[in-house]
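Q: The lines below spell out each chain.
2 protein chains.
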Amino acid sequence: MTMTLTEITPAECYRLLEGARFGHLSCCNAGQPYIAAIYFAFSNGVAYSFTMPGKKLDWMRANDKVCLHVEHRLSGDAWTSVVVEGRFQEFPDSDVWRSERLHAWSLLQAHSDWWEIGAMKPHELPMLEGSPHVFHGIAVTAVSGRSAMRTN
Amino acid sequence: MTMTLTEITPAECYRLLEGARFGHLSCCNAGQPYIAAIYFAFSNGVAYSFTMPGKKLDWMRANDKVCLHVEHRLSGDAWTSVVVEGRFQEFPDSDVWRSERLHAWSLLQAHSDWWEIGAMKPHELPMLEGSPHVFHGIAVTAVSGRSAMRTN
Numbered sequence: 001m002t003m004t005l006t007e008i009t010p011a012e013c014y015r016l017l018e019g020a021r022f023g024h025l026s027c028c029n030a031g032q033p034y035i036a037a038i039y040f041a042f043s044n045g046v047a048y049s050f051t052m053p054g055k056k057l058d059w060m061r062a063n064d065k066v067c068l069h070v071e072h073r074l075s076g077d078a079w080t081s082v083v084v085e086g087r088f089q090e091f092p093d094s095d096v097w098r099s100e101r102l103h104a105w106s107l108l109q110a111h112s113d114w115w116e117i118g119a120m121k122p123h124e125l126p127m128l129e130g131s132p133h134v135f136h137g138i139a140v141t142a143v144s145g146r147s148a149m150r151t152n
Numbered sequence: 001m002t003m004t005l006t007e008i009t010p011a012e013c014y015r016l017l018e019g020a021r022f023g024h025l026s027c028c029n030a031g032q033p034y035i036a037a038i039y040f041a042f043s044n045g046v047a048y049s050f051t052m053p054g055k056k057l058d059w060m061r062a063n064d065k066v067c068l069h070v071e072h073r074l075s076g077d078a079w080t081s082v083v084v085e086g087r088f089q090e091f092p093d094s095d096v097w098r099s100e101r102l103h104a105w106s107l108l109q110a111h112s113d114w115w116e117i118g119a120m121k122p123h124e125l126p127m128l129e130g131s132p133h134v135f136h137g138i139a140v141t142a143v144s145g146r147s148a149m150r151t152n
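As given, the protein sequences belong to chains Z and L, one line each in that order. Mind the numbering: the first sequence is residues 1 to 152 in our numbering, read in order. Mind the numbering: the second sequence is residues 1 to 152 in our numbering, read in order.
Since the hints were made in silico from the structure, they are not lab data. Take every hint as true, because none was put in to throw you off.
Listed next, the stretches of chain L that the computed footprint assigns to chain Z, with coverage defined by at least 3 CB atoms under 8 Å from CB atoms of chain Z:
(1) 32 to 43
(2) 63 to 70
(3) 76 to 89
Pair ranges (Cβ atoms, derived):
(4) Z:Ala139 - L:Ala30: 16 to 22 Å
(5) L:His72 - Z:Ser94: 37 to 43 Å
(6) Z:Pro132 - L:Met52: 39 to 45 Å
(7) Z:Gly45 - L:Phe22: 27 to 33 Å
(8) L:Ala78 - Z:Glu7: 34 to 40 Å
(9) L:Leu102 - Z:Thr9: 38 to 44 Å
(10) L:Ala110 - Z:Leu102: 47 to 53 Å
(11) L:Ser99 - Z:Gln109: 54 to 60 Å
DSS-like cross-link-like pairs, simulated, lysine-lysine; straight-line CA separation at most 27 Å:
(12) L:Lys55 - Z:Lys65
(13) Z:Lys65 - L:Lys65
(14) Z:Lys55 - Z:Lys65
(15) Z:Lys56 - L:Lys65
(16) Z:Lys56 - L:Lys56
(17) Z:Lys55 - L:Lys56
(18) L:Lys65 - Z:Lys55
(19) Z:Lys65 - L:Lys56
(20) Z:Lys56 - L:Lys55
(21) L:Lys55 - L:Lys65
We put the CB at the ideal spot given by N, CA and C, even for glycine.
Turn these sequences into a full structure, and let the hints steer you where they fit.
A: Shown next, in the form of structure tokens:
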């Protein structure tokens, strides 16, 4: 039995991202990277999510280059992973960003387990208005993926 | 039912790291972060691992500041996560680093599923000598962790 790694196509990467909701996001500040687990909804080349104020948000505001890593375990021992290089884009609570906030919110509210992030009641999404949560997107600038399969 | 986040102590972080084998490692280059899943063995403040030559290794050689993220799902909905800021340290195949390589290898060979990384036969660790794999450690410089529990 041997496991073999193969590159997957960008189209396959996008399909995986569209079906995913959980991943790891990295940002960096003065050469020091930081990782946090995030829940997101992916649509049209953007991973939509929200965050509370804190270190991650401060760092992404200072440097919008981020990385999103998503893995998908298949049956048996196989797995696929996708790495996105992207740009952080905040959707502030203003008229200019209203449609983008609504779009993000409509995608995110389709899932019911955001409370897993913690400090949130189950089935309770951040309010679209007047909430400390910051809605944001990660716009893909580059994507690559790999798949590991048992080949014999 | 509400999920509540609490900080965990450094001692609790180390206990989680010592029991973990899988996590996500981030490095960065010119302000762009990158994430890869890694298997490791943690001992005495160092996460030991190995990697094939490639982008991750090139970037860590150029900038040794890295981040390791490990999460542990508990029963029910609870989870704990630990974030390590650390320094990449390579253990090259030379006399100077021989004992560190042996230590890394002895910790890593205690596990039998390294092949999950892909492109490796099951139960086959990289050879200590004459292998393209690079043994390395992530030495902790800062650690923090959070735990999410159902509080009612």
